[in-house]
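Student: Taking the hints into account, I'd like the entire structure generated from these sequences.
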Amino acid sequence: MPPELRGAIYGKGWHAQPNLAMLDKGFVRYANLPHVYRQAAIVIDDANHVTKAWGSANSSVFDALAAGCLVITNSESASLDAFNGELPIYRSNNDLAQLVAHYANDQKSRADLQERLRNIVLARNCYSYRAFEFGLHLEWCVARKHSDSG
1 MPPELRGAIY GKGWHAQPNL AMLDKGFVRY ANLPHVYRQA AIVIDDANHV
51 TKAWGSANSS VFDALAAGCL VITNSESASL DAFNGELPIY RSNNDLAQLV
101 AHYANDQKSR ADLQERLRNI VLARNCYSYR AFEFGLHLEW CVARKHSDSG
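Counting in this note's numbering, the sequence shown runs from 1 upward without gaps.
It should be emphasised that the hints constitute simulated quantities derived from the structure, not laboratory data.
On a predicted model such as this, the values are computed, not experimentally measured, just so you know.
Be a bit skeptical, because a hint or two may be false.
No farther apart than 30 Å at their CA atoms in a straight line, the calculated lysine-lysine pairs in the DSS-like style are these [what the hints assert, rightly or not]: (1) K145 <-> K25; (2) K52 <-> K25; (3) K12 <-> K25; (4) K145 <-> K108.
Tutor: Spelled out as structure tokens, the structure:
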């Protein structure tokens, strides 16, 4: 991380990583994450190698964007699938450092992009929309069952 930037890492086991131990803030309960996100300008999503291949975005990506901070991810497929490719993607440590520096220094660019991404989350990825989508799928299944049997 560039020395002029402050940072924190939340989770288990980071104290055991010599080059990251000074950033370790320990485990945070899920219910307390909105408070953490509201204090951050940028969240780095290091997509799990198991889910990354499937393009699955962790719920923390959506939570952080909804709370008002920008997320930078290493999952190109999640960016493309859920955010029309607008979620910033890093492919290397150098990419990550450049993206963090850019968005830390260009507050307008960061705020504009974060607002667009937040609007995507609120429009297409909140529980009310998911319930609506599920209802449509159920209607389709029922209609299909009736057409197959009749």
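Student: May I ask which of the numbered hints given earlier this structure violates, with the numbers listed in increasing order?
Tutor: 1, 4
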